[in-house]
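Order-wise, the sequence lines are chains A and B.
Straight run, no breaks: the first sequence in the working numbering ends on number 262.
Straight run, no breaks: the second sequence in the working numbering ends on number 187.
If you're looking for bench data, these hints aren't it; they were derived computationally from the structure.
The C-beta atom is built at its ideal place from N, Cα and C for all residues, glycine as well.
Hints are supplied without guarantee of correctness; some may be wrong.
[Claimed, not checked] Between beta-carbon pairs, the in silico distance windows are:
#1 Gly88(B) / Thr151(A): 34 to 40 angstroms
#2 Ala75(B) / Lys224(A): 23 to 29 angstroms
#3 Gly246(A) / Thr131(B): 16 to 22 angstroms
#4 Pro187(A) / Thr85(B): 20 to 26 angstroms
#5 Thr206(A) / Gly172(B): 19 to 25 angstroms
#6 Lys81(B) / Ser153(A): 31 to 37 angstroms
#7 Lys224(A) / Lys124(B): 28 to 34 angstroms
#8 Glu154(B) / Arg209(A): 39 to 45 angstroms
#9 Leu230(A) / Glu125(B): 43 to 49 angstroms
#10 Glu125(B) / Thr151(A): 30 to 36 angstroms
#11 Glu207(A) / Gly88(B): 44 to 50 angstroms
#12 Glu207(A) / Glu154(B): 39 to 45 angstroms
#13 Ser158(A) / Lys124(B): 42 to 48 angstroms
[What the hints assert, rightly or not] Just so you have them, the derived chain B footprint on chain A, three or more residues with Cβ under 8 angstroms:
#14 162-174
#15 233-244
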Amino acid sequence: AQTVTQSQPEMSVQEAETVTLSCTYDTSENNYYLFWYKQPPSRQMILVIRQEAYKQQNATENRFSVNFQKAAKSFSLKISDSQLGDTAMYFCAFMKSQGGSEKLVFGKGTKLTVNP
Amino acid sequence: DTAVSQTPKYLVTQMGNDKSIKCEQNLGHDTMYWYKQDSKKFLKIMFSYNNKELIINETVPNRFSPKSPDKAHLNLHINSLELGDSAVYFCASSTRTGGGGTPLHFGNGTRLTVT
Numbered sequence: 147a148q149t150v151t152q153s154q155p156e157m158s159v160q161e162a163e164t165v166t167l168s169c170t171y172d173t174s175e176n177n178y179y180l181f182w183y184k185q186p187p188s189r190q191m192i193l194v195i196r197q198e199a200y201k202q203q204n205a206t207e208n209r210f211s212v213n214f215q216k217a218a219k220s221f222s223l224k225i226s227d228s229q230l231g232d233t234a235m236y237f238c239a240f241m242k243s244q245g246g247s248e249k250l251v252f253g254k255g256t257k258l259t260v261n262p
Numbered sequence: 073d074t075a076v077s078q079t080p081k082y083l084v085t086q087m088g089n090d091k092s093i094k095c096e097q098n099l100g101h102d103t104m105y106w107y108k109q110d111s112k113k114f115l116k117i118m119f120s121y122n123n124k125e126l127i128i129n130e131t132v133p134n135r136f137s138p139k140s141p142d143k144a145h146l147n148l149h150i151n152s153l154e155l156g157d158s159a160v161y162f163c164a165s166s167t168r169t170g171g172g173g174t175p176l177h178f179g180n181g182t183r184l185t186v187t
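Chain B on its own, in the form it takes in the complex (with noise of 0.2 angstroms):
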């Protein structure tokens, strides 16, 4: 019973192609999360999207388009794909019932190599 699930789990391409991951949480959270991680093992924030709503935009390139059909998928949709685009792509969930301050859930994450 997974609780945030992500496809693909390795992802290789070439420069230029347009290629999505998938983000689905099985938790009821109301938030999802998408976060980078770089080669250097940096993790930072991209998007996030309550209720279908997208809240925080971190100056992430229009390359990169993230949706959400409903309150339990994310997916990103990456354009023109480039050599820094390299990373680990990480879906997250949580949710601010009850308070804030509860823990994001994680999935296992998106190995992204573009060659």
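Only chain A is shown next, with the shape it has when bound in the complex (with noise of 0.2 angstroms):
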């Protein structure tokens, strides 16, 4: 079975700096695809990221860019020039298909305060 791991509970930057969020998998799987979430305090989740394992290029958007590590499952978040509004929960994800759908299996989270 897919586990997804996130080792930081919790972690703080502040503004204007660059916070990196660890997240490592296990898979016996080849093709695949790795997530990261966002939940701030108004409980929506949204997409922040989504890496290809078939390519090696690490995956960015603005300000947010992962460091993915296909041999050492290993696919962390760099998220540079941190702002306020970046206080949430971050999920790590994995996703696998099985049967006719998808299925995404997450991390416990990560809670990112960003101080003023």
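Join the two chains into one complex using the hints; note that each chain is given alone, in its own frame.
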């Protein structure tokens, strides 16, 4: 079974600084997808970034980028120029196909606080 | 133009009652899901439906019964509610058109409190 581990339950960063959130996963599959989702206090689940395992190039979305190390099964999220609005729970997720649908397996999340 | 909408947003009820949560998506997706987020914020899949057909059923008690009248709707009915059912329930949708790995779009969640 796939598992996703986020080893940092909580982190904090000063506004405008850079922070990296860790994520490791366990799978025997070769083709899969990885995601980071953000959940602010409003409770919405917001997609931050997506990575295809067969692509070596790390995904980037504006201030958000990942460091994807397939051999090490590591998928960390870097947030540059942190903003107060980045304060949220961040969930790393592994996607696998199961039957006729996709299944997202989530880590336990990292609570990020951006301080002014 | 809400993409995935679920109602109600909050639901407070007593043990033993039966309740339903409704979900609708206007994205044209063919797959819908129910996820449960517990008090520690852990998210776990409960069910998935593809074109109204049940695909994933993750060891959820029989008291939980999903129903998909069409591919744009997936409702969740819960019988004989228990204290442990208190959680936030998220509906989500996705599509496999163009290949796999498309992100799930989530609704805003329903906070269920059982007293």
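Quick rundown of the hints versus the structure:
{"no.": "1", "hint": "Gly88(B) / Thr151(A): 34 to 40 angstroms", "in the structure": "holds, 38 angstroms"}
{"no.": "2", "hint": "Ala75(B) / Lys224(A): 23 to 29 angstroms", "in the structure": "holds, 28 angstroms"}
{"no.": "3", "hint": "Gly246(A) / Thr131(B): 16 to 22 angstroms", "in the structure": "holds, 19 angstroms"}
{"no.": "4", "hint": "Pro187(A) / Thr85(B): 20 to 26 angstroms", "in the structure": "holds, 24 angstroms"}
{"no.": "5", "hint": "Thr206(A) / Gly172(B): 19 to 25 angstroms", "in the structure": "holds, 22 angstroms"}
{"no.": "6", "hint": "Lys81(B) / Ser153(A): 31 to 37 angstroms", "in the structure": "holds, 33 angstroms"}
{"no.": "7", "hint": "Lys224(A) / Lys124(B): 28 to 34 angstroms", "in the structure": "violated, 41 angstroms"}
{"no.": "8", "hint": "Glu154(B) / Arg209(A): 39 to 45 angstroms", "in the structure": "holds, 43 angstroms"}
{"no.": "9", "hint": "Leu230(A) / Glu125(B): 43 to 49 angstroms", "in the structure": "holds, 44 angstroms"}
{"no.": "10", "hint": "Glu125(B) / Thr151(A): 30 to 36 angstroms", "in the structure": "holds, 33 angstroms"}
{"no.": "11", "hint": "Glu207(A) / Gly88(B): 44 to 50 angstroms", "in the structure": "holds, 46 angstroms"}
{"no.": "12", "hint": "Glu207(A) / Glu154(B): 39 to 45 angstroms", "in the structure": "holds, 41 angstroms"}
{"no.": "13", "hint": "Ser158(A) / Lys124(B): 42 to 48 angstroms", "in the structure": "holds, 45 angstroms"}
{"no.": "14", "hint": "162-174", "in the structure": "violated (count 0)"}
{"no.": "15", "hint": "233-244", "in the structure": "holds (count 5)"}
Hints 7 and 14, counting from the list given before, are not met by this structure.
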